[in-house]
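Protein chains: 2
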Amino acid sequence: MTTTHASPQAKADSTSDANASGESPAVDVAALGALLLGRWADVRREARRISVDPVIRRVPGENVREHRDRTVKALHRLVELGVTGRAFPKRIGGQEDPGSNISGFEELVLGDPSVAIKGGVQWGLFGSAILLLGTQQHHDAWLEDCMKLRTPGAFAMTETGHGSDVASVGTTATYDPETEEFVIHTPFRGAWKDYLGNAAESGVAATVFAQLITQGRNHGVHAFYVPIRDPQTKAFLPGVGGEDDGVKGGLNGVDNGRLHFTNVRIPRFNLLNRYGDVAPDGTYASPIASPGRRFFTMLGALVQGRVSLDGSATAVSKLALAIAIKYGDVRRQFSPEKGAGETVLLDYGRHQRRLLTRLAEVYAMNFAHEDLMVKYHEVFSGEADTDENRQDLETLAAALKPLSTWAALDILQEAREACGGQGFLAVNRIAPLRADMDIWVTFEGDNNVLLQLVGKRLLTDYAKRMSKPDAATIGRYVADQVGEAVVGRTGLRQLGQNLLDFGSTARSVGNVRDTEAQRQLLTDRVETMVADVAQALRAGRKLDAQAAAELFSRHQNDLILAARAHAELLQWEAFTEALEGERGAGLDADTRQVLTWLRDLFGLGLIERNLAWYLMNGKISASRARAITDYIDGRLLPRIRRRAVDLVDAFEYPDELIGAGIATGDERARQDEARAYYAAQTTPAQ
Amino acid sequence: MTTTHASPQAKADSTSDANASGESPAVDVAALGALLLGRWADVRREARRISVDPVIRRVPGENVREHRDRTVKALHRLVELGVTGRAFPKRIGGQEDPGSNISGFEELVLGDPSVAIKGGVQWGLFGSAILLLGTQQHHDAWLEDCMKLRTPGAFAMTETGHGSDVASVGTTATYDPETEEFVIHTPFRGAWKDYLGNAAESGVAATVFAQLITQGRNHGVHAFYVPIRDPQTKAFLPGVGGEDDGVKGGLNGVDNGRLHFTNVRIPRFNLLNRYGDVAPDGTYASPIASPGRRFFTMLGALVQGRVSLDGSATAVSKLALAIAIKYGDVRRQFSPEKGAGETVLLDYGRHQRRLLTRLAEVYAMNFAHEDLMVKYHEVFSGEADTDENRQDLETLAAALKPLSTWAALDILQEAREACGGQGFLAVNRIAPLRADMDIWVTFEGDNNVLLQLVGKRLLTDYAKRMSKPDAATIGRYVADQVGEAVVGRTGLRQLGQNLLDFGSTARSVGNVRDTEAQRQLLTDRVETMVADVAQALRAGRKLDAQAAAELFSRHQNDLILAARAHAELLQWEAFTEALEGERGAGLDADTRQVLTWLRDLFGLGLIERNLAWYLMNGKISASRARAITDYIDGRLLPRIRRRAVDLVDAFEYPDELIGAGIATGDERARQDEARAYYAAQTTPAQ
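Sequence lines, in order, name chains Y and H. Just so we're aligned, residue 0 is where the first sequence starts under numbering that gives the first Met the number 0, counting upward by one. Just so we're aligned, residue 0 is where the second sequence starts under numbering that gives the first Met the number 0, counting upward by one.
Calculated from the structure, these hints are not laboratory results. Incorrect hints may appear among the rest.
[Unchecked claim] To give a feel for the contact side, a few chain H residues facing chain Y, derived at Cβ under 8 Å:
(1) 60
(2) 346
(3) 423
Just so you know, even glycine gets a beta-carbon here, dropped at the ideal spot from N, CA and C.
Take the sequences, apply the hints, and build the full model.
Take a look at the structure:
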């Protein structure tokens with residue numbers, strides 16, 4: 000099941016290759032598959048096998064009650080399979096292997112996103128808060144029960160009133176030295192914890208994020224372990240209340256809900272005290288002096304949520320494209336001329352534009368995610384846990400997660416439409432998956448807020464190269480969200496190096512198809528956009544707070560577009576590195592050629608999408624701009640179309656995992672039967 | 000309930016207007032509301048009242064069984080209310096008022112899209128096929144039972160193997176002169192009728208589209224009235240079989256299903272014979288000699304489906320924006336500087352970009368739809384039923400339906416994200432509505448296929464101005480889908496006139512903000528794009544069929560983009576006509592000013608989105624291009640933001656109809672409570 004799934008029918012069909020003119024390089028599907036699978040290939044293959052387990056696989060049409068109940072069973076099945084403790088300490092039965100842990104969970108979305116997310120809540124959020132924000136005493140007390148699902152738990156960070164702005168949550172944890180307890184309290188309706196998986200039904204405990212107040216002083220947001228329900232009766236404990244969030248647009252196997260607390264007392268022990276502790280007498284102490292840096296360090300410890308969303312969005316995007324491209328390779332509609340056979344959808348230029356540009360994008364997402372995973376594993380396994388790597392990791396996750404999750408929705412929708420009415424039927428999987436993935440774009444950080452964060456970091460880097468007063472002005476704009484923790488870091492120095500290396504030679508680049516020309520154009524755009532925003536914000540030096548806020552608001556869209564351009568560059572660099580670097584060294588020349596076309600389609604597609612910017616800024620001439628579109632439509636798309644099925648076969652998704660009949664033989668059988676019927680017909684047409 | 004719903008809270012909140020600099024013109028919400036409601040205002044208001052009826056309103060979380068059952072009840076309720084026969088003949092109890100009929104049904108999506116679509120299947124498709132393709136004998140036999148829902152019926156056109164290409168359906172209707180019957184037969188699996196509303200459960204009859212074969216000759220697709228189920232037992236009649244399409248991505252109140260026929264015999268009478276008849280001896284006759292023109296005339300009679308999808312997509316888009324803008328006007332997140340109050344979402348530049356550009360688009364959709372409705376009513380009421388008007392109507396519907404249905408999905412998604420986690424909860428309506436509306440983009444004609452149809456008509460018009468051999472070449476590309484029926488028509492001559500009037504003066508236009516400058520730029524783009532495609536296709540003159548098909552495929556994307564540009568121009572013209580023409584004459588100066596900003600945002604937004612094209616073709620200079628973006632971000636968005644709530648209040652959707660607490664007071668109450676709490680706080684911050 001884990002070997003390459005070739006599509007013998009597709010290869011035997013000469014008609015679908017009919018518009019091939021000239022040679023068509025062959026793709027080594029197995030080698031390309033290995034490149035895509037990356038470092039944690041075995042774990043990913045195992046998780047794909049698990050994803051077709053009937054308890055784990057999504058059942059079309061099950062109602063909310065059935066879906067929630069099956070999802071609970073699925074989590075117990077994962078416990079039985081022993082795959083829930085990979086990130087946890089070995090002494091409690093774990094493997095201390097964060098890369099394997101996330102890689103496995105990412106693939107579970109191919110079975111049912113609700114299972115992946117409810118598992119992510121239990122082991123990735125609730126468990127990780129204990130693991131990464133707590134200390135050994137907490138691990139010993141709670142982690143094994145978490146791992147074995149004996150203590151289902153909620154991750155109570157978000158409130159109705161504060162999602163993206165976590166620092167402003169309203170819940171309080173006030174220390175009482177008399178009893179050595181914290182008093183957890185919800186002061187108003189907007190401070191109810193909200194949208195929490197496991198909170199509506201399953202959860203018997205929660206890691207609650209609250210403002211830590213001791214000795215009359217607020218030390219900012221910290222996490223506390225709070226029992227919320229009687230494990231036997233599942234009734235709320237005294238002082239705890241809540242509500243079910245009810246039916247959602249998707250992901251209805253997860254029991255999201257609300258929690259509120261009325262002076263709930265927990266032992267001092269229950270403060271997850273790795274980054275901040277309170278002594279019995281109420282004295283606060285922290286290894287990180289700066290409250291801002293402390294807050295961002297705690298949040299940064301939970302970066303794996305964003306990492307896994309990036310990976311799962313990529314996995315689902317690949318599935319949607321595999322279905323739509325395999326269907327488009329056999330489905331026929333309209334004849335070019337009377338009496339001619341009907342044309343295969345994927346031979347239409349528009350259909351190629353719709354699906355193959357997105358195929359290039361998903362390859363870029365895959366390779367960029369692999370980079371992110373490696374960085375994540377280096378930091379959290381301790382292989383290379385430096386401040387700089389943590390900083391790079393957080394910025395990379397904040398940059399990639401918005402692009403891949405938006406792309407997933409776009410790709411699922413385009414695949415749905417490219418399959419017509421079939422795409423809307425639940426049995427063909429695309430539409431329900433889109434509904435489930437919708438929330439990906441706003442959870443673990445709203446995509447726009449994440450990109451703004453990346454934009455502010457780009458500004459910070461830029462400010463370091465500016466004169467002092469200008470740098471101070473920029474500092475004013477970046478301090479509020481980025482926090483002092485990052486000022487002075489070098490997460491983005493890569494960009495500066497690129498510019499030093501290549502200078503401003505875009506206009507003299509002879510051939511925009513070259514790797515270096517693409518790199519130069521993409522890099523130059525990021526740098527120029529950031530500089531333009533910085534320049535515009537300099538006027539804020541002499542403004543009052545209100546006017547400065549308005550000035551920022553006026554340029555906020557540009558800043559987010561600059562961050563997006565930066566993230567696109569990171570994806571392009573990852574694709575190019577996979578192609579030209581060590582990892583891709585084993586590819587044969589033909590496979591490398593096809594992959595280069597795909598990379599060019601991604602790179603030139605980015606440039607084409609932002610052509611107005613390149614033209615306005617004199618980076619590309621009008622005639623060269625035209626040449627890019629001509630090259631995409633006239634060369635790249637027809638070439639890639641001929642190997643499109645190979646390129647999705649390299650995802651190594653077996654038919655059983657794909658699970659949509661239209662992509663695994665049903666449509667081909669119908670087409671064959673219809674053509675045989677007409678071949679035997681004698682009734683003259685009208 | 001039908002009067003203007005002002006939002007007193009929003010108006011009393013000076014903070015949300017805090018960044019107003021200078022005067023802010025007032026909007027006459029009632030006058031603007033009347034302009035948006037258009038000619039069938041009373042019917043629309045009535046339908047909005049009906050939409051909040053508990054039987055008709057969507058229930059969050061109801062399962063497929065419950066949803067289907069309630070939808071059936073809802074249809075009976077519509078019969079009770081007497082609103083199901085507006086398009087039908089007066090002598091059977093109808094009103095012969097097609098405009099009222101469609102206007103009313105469009106608004107029902109605000110209650111439940113499943114109710115609107117199941118009603119549309121019954122009265123708009125099944126009923127209209129009898130009405131418009133049948134003759135008086137058929138009206139007398141079947142229409143009253145249709146109207147009263149005594150005969151639930153399916154519209155059996157689409158097959159599993161043929162959706163967009165209706166002319167190629169495989170089902171046959173072979174005339175047997177011995178018994179004077181037609182034999183309805185499904186020759187292979189791909190010819191099963193598929194995705195038919197009412198087919199899985201409710202339908203006892205169907206209008207079946209099949210190849211009419213008599214005297215050994217195929218006369219093309221015709222419609223037949225075929226009983227399919229025993230009205231009492233609901234068992235399939237002999238020879239009829241079918242399947243349930245099962246759960247779908249949305250619209251699960253409609254029982255879509257499949258039908259197949261094994262030599263099912265129906266009387267000769269059951270041929271809906273308005274455009275083609277068979278005599279008892281089997282002789283075929285038609286008032287339209289050309290088979291192609293006959294086919295397109297029959298299809299054209301059913302244009303109302305596309306008209307109503309355009310209108311219902313617009314209605315839902317307005318609802319989503321009303322929710323997101325009202326929420327964005329009160330929801331706060333992040334403080335610009337420490338100690339400052341939190342900023343209202345709609346005061347962020349990015350949030351304005353996301354929602355207000357779409358608000359401008361939805362106004363354009365509304366006004367363009369009103370034009371379409373008027374044209375539809377003129378043709379089908381007989382007020383002005385000319386060939387030319389029919390042609391214009393079909394082209395307008397094919398152009399507007401793709402844009403508005405894609406826009407609806409885009410707007411619903413952006414509104415969902417702009418409301419964060421709240422947007423994902425079913426109680427806030429946006430996510431379930433998006434799921435339901437998804438199918439809008441491929442039914443009643445796949446959007447890409449419809450735009451290609453428009454593109455081919457643009458080419459046809461263009462060819463008339465070309466030399467003979469060139470025109471013949473173009474004719475080769477447009478004949479297959481457009482059919483001979485339209486060659487020589489003048490549906491798009493308007494475009495040519497615009498060019499004659501304004502010439503090629505875009506580069507010398509002093510101010511791109513002027514109405515005439517916008518018109519010139521938008522018109523010029525359409526004309527140039529069409530000419531470019533025509534020019535590229537001239538090379539096809541000497542190619543064989545295969546090579547000619549490849550050439551077309553290579554330029555198919557450009558053709559579809561040209562059609563899209565044409566449709567955008569039509570929307571812009573409709574907005575401008577509403578503003579400057581007779582209909583908008585009653586607006587006061589301030590309201591006209593605000594509406595002009597909104598029209599400018601729509602027009603300049605279109606130009607900005609296609610800036611690369613304008614720059615490459617030398618229509619706009621780089622400095623003017625920059626000025627457009629500056630003007631949008633710096634002027635238009637902040638100005639429109641101040642009146643944004645008025646602009647959605649003008650939709651006249653009362654709170655009960657909006658039905659999402661986050662937009663009707665809940666969020667404001669939470670914000671007020673939180674601010675009061677913090678105002679009373681004394682604990683010093685960290």
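The hints, checked one at a time:
1. A distance limit of 8 Å between C-beta atoms decides the matter here; for residue 60 of chain H the minimum to chain Y is near 4 Å, and the interface restraint holds.
2. Interface hint status for residue 346 of chain H: upheld, as the beta-carbon distance to the closest one in chain Y is roughly 6 Å, under 8 Å.
3. Proximity of residue 423 of chain H to chain Y holds as hinted, the smallest CB-CB distance being about 5 Å (cut-off 8 Å).
Violated hints: none; the structure is consistent with every hint.
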